[in-house]
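Undergrad: Each residue of the sequence shown is one higher than the one before, counting from 1 in this note's numbering.
No lab work stands behind these hints: they were computed from the structure.
Don't be surprised by glycine CBs; every beta carbon is placed ideally from N, CA and C.
Fair warning: there could be bad hints in the mix.
So the derived label-pair ranges between C-beta atoms look like this [as the list claims (entries may be wrong)]: (1) Gly20 to Gly42: 16 to 22 Å; (2) Asp59 to Pro19: 26 to 32 Å; (3) Gly32 to Asp85: 23 to 29 Å.
The calculated EDC-like cross-link candidates involving lysine to aspartate or glutamate, where the alpha carbons are at most 20 Å apart (straight line), are [said to hold, decoys possible]: (4) Lys95 to Glu34; (5) Lys95 to Asp69; (6) Lys95 to Asp125; (7) Lys95 to Asp59; (8) Lys95 to Glu81.
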Amino acid sequence: RYTPPALTTSLVLAPNTLPGGADVLRPGQVNGPEALAVSAAGETLSASRYNDGRIVRIDLSADIPRAVDHAHTGGSPVDIELLPDGSLLVCDWRKGLLRVDPDGQVSTLLSLGALVEGQPFVRPDGVTQAADGTIYVTEGSARPGVWSGVCESLGGGSSGRVIGFGPPSGTDRTAVAGLSSAIRQSIG
1 RYTPPALTTS LVLAPNTLPG GADVLRPGQV NGPEALAVSA AGETLSASRY NDGRIVRIDL
61 SADIPRAVDH AHTGGSPVDI ELLPDGSLLV CDWRKGLLRV DPDGQVSTLL SLGALVEGQP
121 FVRPDGVTQA ADGTIYVTEG SARPGVWSGV CESLGGGSSG RVIGFGPPSG TDRTAVAGLS
181 SAIRQSIG
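Based on the provided sequences and hints, a complete structural model is requested.
TA: As structure tokens, then:
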């Protein structure tokens with residue numbers, strides 16, 4: 001049995017007062033918020049992951065902030081990226097790579113099971129768009145199933161990848177391969 005060593009110093013943390021003025025949604029308004037996007041005008045959108053497929057807009061104009069439905073993906077969104085035209089890119093574990101227009105209409109850009117360089121697209125986890133219009137989507141694991149990322153990490157796998165989609169090449173391609181649990185990325 002392992003016994004951790006005794007602490008030799010005391011650790012005292014200063015009180016964190018930053019969240020003191022934060023607005024909090026009432027419990028139950030967003031089921032498992034997974035990702036946030038904030039527009040230049042301050043509009044906040046959130047993906048609600050746990051199988052209700054909702055993308056919600058946070059209405060801060062009311063006395064108590066509330067979630068207002070913006071779109072339904074019919075799946076399980078895990079990441080969103082707000083684009084300059086007001087549309088959203090959405091990674092959805094059950095649907096694939098989606099686009100939601102400013103009016104809430106959902107279209108599929110890359111569906112689950114679609115082949116990218118001979119391998120099926122099975123687990124989108126993160127999405128961003130580069131200045132040239134290329135959409136980059138991470139795939140945490142090429143192993144299908146809900147627990148694929150956990151199995152990938154614990155098993156030392158490396159089937160995750162970053163896929164480049166669309167302009168300038170007009171095709172889907174693997175930009176980076178051999179990653180273990182590729183989840184999110186950002187392009188500055």
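Undergrad: Taken at face value, is the distance from the CA of glutamate 34 to the CA of lysine 95 at most 20 Å?
TA: Holds - the C-alpha atoms of glutamate 34 and lysine 95 are around 16 Å apart, at most 20 Å.
Undergrad: Does 16 to 22 Å hold as the CB distance between glycine 20 and glycine 42, or does it fail?
TA: Taking Cβ atoms as reference, glycine 20 and glycine 42 lie about 20 Å apart, which means the hint holds.
Undergrad: Does glutamate 81 sit within 20 Å of lysine 95, going by the straight-line distance between their CA atoms?
TA: holds, 16 Å
Undergrad: Using the C-beta atoms of aspartate 59 and proline 19, is the stated range 26 to 32 Å upheld?
TA: 20 Å Cβ-Cβ, so the 26 to 32 Å window is violated.
Undergrad: Between the alpha carbons of lysine 95 and aspartate 69, is the straight-line distance 20 Å or under?
TA: holds, 19 Å
Undergrad: Regarding the pair lysine 95 and aspartate 59, is the alpha-carbon distance no greater than 20 Å?
TA: violated, 27 Å
Undergrad: Range first: 23 to 29 Å. Now tell me if the beta carbons of glycine 32 and aspartate 85 are that far apart.
TA: This hint holds: roughly 28 Å between Cβ atoms.
Undergrad: Holds or violated: are the alpha carbons of lysine 95 and aspartate 125 at most 20 Å from each other?
TA: holds, 12 Å
Checked against the numbered hints above, the structure violates hints 2 and 7; every other hint is satisfied.
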